Amino acid sequence: MTVDARGATAVAIADKVRAGTWLARDVVEHYLERIARLDGALGCYLLVDAEGARRRADAVDAARKAGRDPGALAGVPLGIKDIFCTRGVETTCASAILRGFKPPYESTATARLAAAGGVMLGKLNMDEFAMGSSNENSSVKPVRNPWSTEHVPGGSSGGSAAAVAASLCAGSIGTDTGGSIRQPAALCGVVGVKPTYGLVSRYGVIAFASSLDHPGPFGRTVEDAAALLEAMAGPDPLDATSIPQPVGAYREAARAGRAGATPLAGVRLGVPDEYFQPGMDSEVEAAVRAALDELARAGATLVKVSLPNTKYAIATYYLICTAEASSNLARYDGVKYGHRAAGVSSLEELYTKTRGEGFGREPKRRIMLGAYVLRAGYYEAYYGKALRARRKLADDFSAAFTKCDAIITPTSPVPAFKFGERMGDPLQMYLADVLTVAPNLAGIPAVSQPCGFTKSGLPIGLQTIGPALGEQICFRVASAYEARTDWHTRRPPESNAS
Amino acid sequence: MTDYEVVIGLEVHVQLATRSKIFSWSSAAFGAEPNTATDPVCLGLPGALPVLNRAVVDAAEDGQRARGSKIRQRCRFARKHYFYPDLPKGFQISQFDEPICDGGTVHFRLRGEPRAVRLVRIHLEEDAGKNIHADAGKSLVDLNRAGVPLCEIVSEPEVRSADEAAEYVRAIRTLVRYLGIGDGNMEEGSLRCDANVSLRPRGTTTLGTKTEIKNMNSFKNVRDAIEHEVKRQAAVLDGGGRIVQETRLWDPGRGVTQAMRSKEQAHDYRYFPEPDLPPVVVSDAALAALRAGLPELPEDRFARYTGPLGLSQQDAGVLVAEREIAAYFDAVVAAGAPAKRAANWVINDVLARVGDARGLGAADLPVPPAALAELCRLVDDDTLSGKLAKDVFARMWSERRSAADIVAAEGLAQVSDGGELEDICRRVVAEHPTEASRFKDSPKLMGFFVGQVMKATGGKANPKTINEILRRLLA
Amino acid sequence: MSRITADEVRELALLARLRLSDDEVARMTGDLGAILEYVDALRALDTSDIEPMTHAVPFDCPARADETAPSLPLDDALANAPRRDGDFFQVPRIVPGPGGGQGGQGGQGGSTGGAEDGS
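Residue numbers (our numbering), protein chains in the order written: chain A, 1 to 498; chain B, 1 to 475; chain C, 1 to 119.
Read the hints as simulated data drawn from the structure, not as lab findings.
Errors might be hidden in some of the hints.
[What the hints assert, rightly or not] Now the in silico label distances, taken between C-beta atoms and shown as ranges: (1) B/161 / A/376: 31 to 37 Å; (2) B/285 / A/357: 53 to 59 Å; (3) A/276 / C/65: 29 to 35 Å; (4) C/65 / A/62: 34 to 40 Å; (5) B/267 / A/276: 46 to 52 Å; (6) A/377 / B/136: 37 to 43 Å; (7) C/25 / A/306: 40 to 46 Å; (8) A/15 / C/65: 38 to 44 Å; (9) A/494 / C/7: 51 to 57 Å.
Computed from a predicted structure; not experimentally measured.
Built from N, CA and C at the ideal position, the CB exists for glycine as well.
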């Protein structure tokens, strides 16, 4: 039986598969067919594991038929950013230096999604080593924004956002180091969640910047994202930075946001001027301000808050993330896995040629900058300074959260830009992250959701930031907004994708 | 020729004998087949993360407290970056500006004189794998050892001779084995030593340029390498030259140190705090619990043996060399044997038979401490002659029988009964009239008569008693 | 005046073991210079009264019990090796010498960690 799951949320699919109304296998075939037909034009997938997906779906169906619990995400077809190690399935971080690498182990996040019945369709395209804001840095091919294929989907989790937007999977996961889930979610008109640091285990997530990397979910709806997060999150003895507390009731928080006429009564929402800077796209600003009005109508009180050190966030971020990246990428040396340069006659040549050939421009740039700022003599002036600035930024949020329960901002100051527009100037590209990096530095949760479209049909994103372990308030607020709007029901034109 | 003062600082790496590695679950045991003791973490696979092994911190803290170091309540790990095939991540997780311990002192003896060398710091880190230099053109990498826990002990530059350096390293080895935190085996690499050596004219205080000496894998090599380096530096300085600050490798075959052929590039390790491991905090309660469990340390034992127990320095030195020997000796004394006699038996007889001294800790020893104490008692109360006691001990060891058993069964009890012996002595004297008459002129013939009595008694006569009797009879 | 010179870029490239073409060196010099100039703005922030924030988690390092678990089978450990040689990873010959490189790891077979050379 063919299933038309095109409009279906992940939650709805799981309900139907658990009830036996749909077979997981049929749902998977629906998505595999769409990918085969439509992904050629978009470039979301680096690898489609059709056989594996069918096998996994069959196992879900068998479990249900045998009377066993097939899991909260039973049969939900998922795309996995190619940064998560998937045992026996090639994992490359969209880099030439990891081409052919098949991990002998599985990441905790993907293991948990599979244990919950999720069905991996394949590995999603991304900016190489998660470095980028446009998915133009993939060594394989770019990802195109399903709303307009001349425009970028955002990055680094461009494939993860675009695949959900184009219904090439029912949900996906990515990582957010400086905005790499939220910014592409905003540019592609889907929900993206950067959880509290440590809520989702980083074991098996190929590291870019260890203290800033956050694995997290994408979904069509807030509740979908909440359901994925519930399945992935929780303490992990394999990750020493994993939060020991049990997982919260995120789906419930999302449902609470839909209840009643004023579900946000009593909720104070902070609005920081620093996030509404001149130079911001006027349509983006208008959409976000309209969203604020909507939130007020849902019962929330809007409060002015100040995040005075916001202007230092990008500098702080790029000093810390490049230092950690230069360190994390030192292991790619042609000895144990991945690319190895041919015709080398010395150890030094093995290293320099392998790495010179294997890394793209952006990773090289960040490795160099990172090596520079960690040099003896420069450490205090750059890296040491950035670590202190980081605490100031975190303190800004703590102070703001004494006056409000959550903070509302635009996710990206501009909608999707065109291919090539920012590639000439790395600094310009870095500045695209200006509204997203601070929560990474502070380790606090943030959600992006669609809140409108530009006149030319490009999505606009709204960001809700919460205090540490404040996922519930973020989901409640985002869900309340979603319930009163229909941005999340819009689909990109399929003609773009064929 | 200038009179130089030798200034030596030592860095000793101790492999901690934990079951699993410092940051992952693979076995840390020595000797596995190549690349069979690895996991994603110690292989440096993308996405793998370190998790700290509690036993490593405990072991390090035991060592630290034993040396009087100040344990930091909070310490951090740091990444130390360099590229080498046996370092899979391209960095080593070590400690930089917040090591687990500051200060401390190592006590030892140099030619009988007590010495104390202060420590700068002690820190934890992971070991690297092994590179094997195969045939021309290639090297092979075995990552089994990558991730084995190391404790690095850094001394102040207070060591003043090659001999002292060797004794210092030996003292660390003894301590490590006493505490049971490592094997301290230089040949196997579970104890490694690098030395920083410099000279300065005696009487000055400015430090000279130092060289770092590596590849000394035995106490003898430590001594020889440093001795050679001191001579080399003295020759250079005497000839008006300058010492180049460099790393030199000891070549035991040729008996020289050689500068490593390396680029002048300074090593910039680009240390920064390890982001995958939050700071390590030791609670007050944990500290108190650890404090309670230390065994008596070698130097304290030495003082007790040479002081109250009156043993010679040499004997005490042998007994404290391994914890198991000292523990065995203490048990023999506790079971009632006099210290000096017990020491003699342990050093001359027990150690010769046991092979590896650590075997003395076994539960099923052929001669447990109480049994040896009983043997000592039988000699003390004249039941057994000293000479026969040696034979009895041999049989105790091979047959696992008690001394009392053997003596009774074989009728080996020394005969001290004056009456019985008197009869035997009279008979012997009567049987040898020629020698008896010659005795006045040749007192050495006493040995002959004693021998005859011993033969007649099967060696069981108490020599003191028969000497008295014979003297009286032959007078 | 760029914040960084082409020579410094070449030095850094060696430190990071990256072979860069002359073009890449030139471009990198410009890019890094611009970025360094941008991050210099951080100087204006007074951080004298605040501690560095190295981790975004408020808790201390957890520690696990000292128990072993099965290691990767040999073939899994070597499965991705670009050059496998028997039971080992193969690399070009490391500098011959009584001990090899530096890094504090002495012991059997010249297995010391090295830092700078390898030719």
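Comparing the hints with the structure gives:
1. B/161 / A/376: 31 to 37 Å: Holds, at about 33 Å.
2. B/285 / A/357: 53 to 59 Å: Since residue 285 of chain B and residue 357 of chain A have Cβ atoms about 54 Å apart, the given range 53 to 59 Å holds.
3. A/276 / C/65: 29 to 35 Å: violated (52 Å)
4. C/65 / A/62: 34 to 40 Å: Given about 37 Å between the Cβ atoms, the range holds.
5. B/267 / A/276: 46 to 52 Å: holds (48 Å)
6. A/377 / B/136: 37 to 43 Å: holds (40 Å)
7. C/25 / A/306: 40 to 46 Å: With a Cβ separation near 43 Å, residue 25 of chain C and residue 306 of chain A satisfy 40 to 46 Å, so the hint holds.
8. A/15 / C/65: 38 to 44 Å: holds (41 Å)
9. A/494 / C/7: 51 to 57 Å: holds (54 Å)
Hint 3 alone, counting from the list given before, is not met by this structure.
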